[in-house]
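Given chain A, put chain B in place with the hints provided.
Chains A and B are the protein sequences, given in the same order.
Each residue of the first sequence is one higher than the one before, starting from 1 at the first, in this note's numbering.
Each residue of the second sequence is one higher than the one before, starting from 1 at the first, in this note's numbering.
Hints listed in this document are in silico derivations from the structure and should not be mistaken for laboratory results.
Possibly wrong hints are sitting among the right ones.
Derived list of chain A stretches under chain B, where covered just means 3 residues or more per stretch with a C-beta under 8 Å from a C-beta of chain B [claimed, not checked]: (1) 39-46; (2) 59-67; (3) 120-129; (4) 164-176; (5) 186-200; (6) 268-279; (7) 283-296.
Below, in silico cross-link-like pairs of lysine to aspartate or glutamate (EDC-like), each with a Cα-Cα straight-line distance of 20 Å or less [what the hints assert, rightly or not]: (8) B:Lys-96 / B:Glu-114; (9) B:Lys-11 / B:Asp-206; (10) A:Lys-248 / A:Asp-300; (11) B:Lys-123 / A:Glu-41; (12) A:Lys-87 / A:Asp-59; (13) A:Lys-123 / B:Glu-41; (14) A:Lys-158 / A:Asp-206; (15) B:Lys-277 / B:Asp-257; (16) B:Lys-151 / A:Asp-59; (17) B:Lys-155 / B:Glu-221; (18) A:Lys-151 / B:Glu-221; (19) B:Lys-248 / B:Glu-221.
All residues carry an ideal CB built from backbone N, CA and C; glycine is no exception.
Protein chains: 2
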Amino acid sequence: MINRLIEGIQKTGAPVVVGLDPMLSYIPGFILREAYSEFGETLEGAAEAVFRYNKGIVDAISDIVPAVKPQSAMYEQFGVPGVAAFKRTVDYCHEKGLVVIGDVKRGDIGSTSEAYAAGHLGKVQVGSNRLSAFDEDFVTVNPYLGSDGVKPFIKVCKEEKKGLFILVKTSNPSSGEFQDRLTDGRPLYEWVGEKVNEWGSDFMGDGYSYVGAVVGATYPEMGKILRSVMPKSFILVPGYGAQGGKGKDLVHFFNDDGLGAIVNSSRGIIAAWKQEKYASFGEEGYALAARKAAEEMILDIHQALESRNS
Amino acid sequence: MINRLIEGIQKTGAPVVVGLDPMLSYIPGFILREAYSEFGETLEGAAEAVFRYNKGIVDAISDIVPAVKPQSAMYEQFGVPGVAAFKRTVDYCHEKGLVVIGDVKRGDIGSTSEAYAAGHLGKVQVGSNRLSAFDEDFVTVNPYLGSDGVKPFIKVCKEEKKGLFILVKTSNPSSGEFQDRLTDGRPLYEWVGEKVNEWGSDFMGDGYSYVGAVVGATYPEMGKILRSVMPKSFILVPGYGAQGGKGKDLVHFFNDDGLGAIVNSSRGIIAAWKQEKYASFGEEGYALAARKAAEEMILDIHQALESRNS
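If we strip away everything but chain A, and leave its shape as in the complex, we get:
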């Protein structure tokens, strides 16, 4: 799957993933009204609106980006119907040929991580059937529990040829509270990065490992160091756009081959129609606004990478 992700990046020229993190406040009124008129102002109605909104965006961007990243929380907030909309979104994105990174940030003791891994990436045995549950291509994993919380995910990834992005240095303002703590002269996130490198070293695709890392665009200097700590790990970079990261902050996340990183934007793309800059699209044009914002993001990253090389 890491090979497929890289092929997708090369084919589209876009090291970009679109975060499908729908809040109801991002969804155009006409979609909400239609969903509520069918299902009421209920969890079912909200979940239906979320799926239709996602579908519009996916239709508009599936030929220019290789991957999407639905954020589990935004679906779980609508309960069981919300989780069903998450699954419909995963399936629809697969129909459209996109790689799906489930941003679930799971992680637990060994036997529990096994169940998460089976549910999100693998298969579960029910009687004589082996069944897929959510069936994402990658998931994000929280490393706080150490190796035996991560290895069950790696085991399932090996069976299914799927991949992981382990949280190393997150994009949020207080990520340093624990992640930056110095131990033996190096911050915790570097030790986590070392482990990511180790976990991935015996699980390689053609050029990169199946075990990637999450490092926030908001911390470019740390990204530079982590790039060298984990040379064979793909880095999923959140925090571009709405969280403050810019193209020029991203160059150090990439290797000299122009690969090694995939940059996420959520709000900045999917809610572009609400920005002054894209107001001319109107609410009916929300998906085209998203496409336009994605194109501009791709260009921004290209320009930053080119000026690095010049």
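Just chain B now, with coordinates in the frame of chain A:
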């Protein structure tokens, strides 16, 4: 809710929570056969079996323990039907008067943690309705992202009078890999414990904070230190029984008032019928075997606390 949990502990005399972590291998054949005959060997069939199995156990233990802890992973592995069985379990446990600790170990950047908190503990606004989604009473939270990943949960807890258990020192063998790293002379878990104490200090119930901690029974010496670092935080203690913790390992997790900790057992109770020791119950008696195992666990903890005082 922390007051209600404490009342429940005092009323039952049981500082015990039963982990509802169903694996299909724990479920008696007669339940599986019934569920599969109605729903097939499908995710729906597995989820139905899980719910029926849980219901039997809950009926058998709801008068002797104050709380249950369903583990999200065990339901997510069966996809959307599994998550629906999680929600049915939460609701059924509420009908039976039990406090429900959702073992979800979520945690993300601020806006995302807000959505998790709304979905699991709070309410979500859909049109003119404010709706509950999963509606647990407590959830477990992963602290790796720092304060701004935790505070949105605290905000919702304040609105809803609900509570948290933050992962501090987990019960698994490799938990020390990152959690034990020394910074400024103290292991990371102590710094996390300090933060738990701080986060909880302005959010107190009658005697204990709404912000509790998870500390594994498998690390009793660390539990002793963490007890003093977080004197007003309730400690949720996993790792009893099947993971190796015993009553005598637990005494330091309790304060002198006999409160301050609630001990979880999952497999050791819910799959008791599969142990040699409880074989006489047979598979039809699985719920009574669970009750018997819970009674013995309560007695083991009582005896350990009494011998501490003598």
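*If any of the earlier hints don't hold here, list their numbers in rising order.*
Hint check: 2, 6, 7, 8, 15, 16, 17, 18 fail, others pass.
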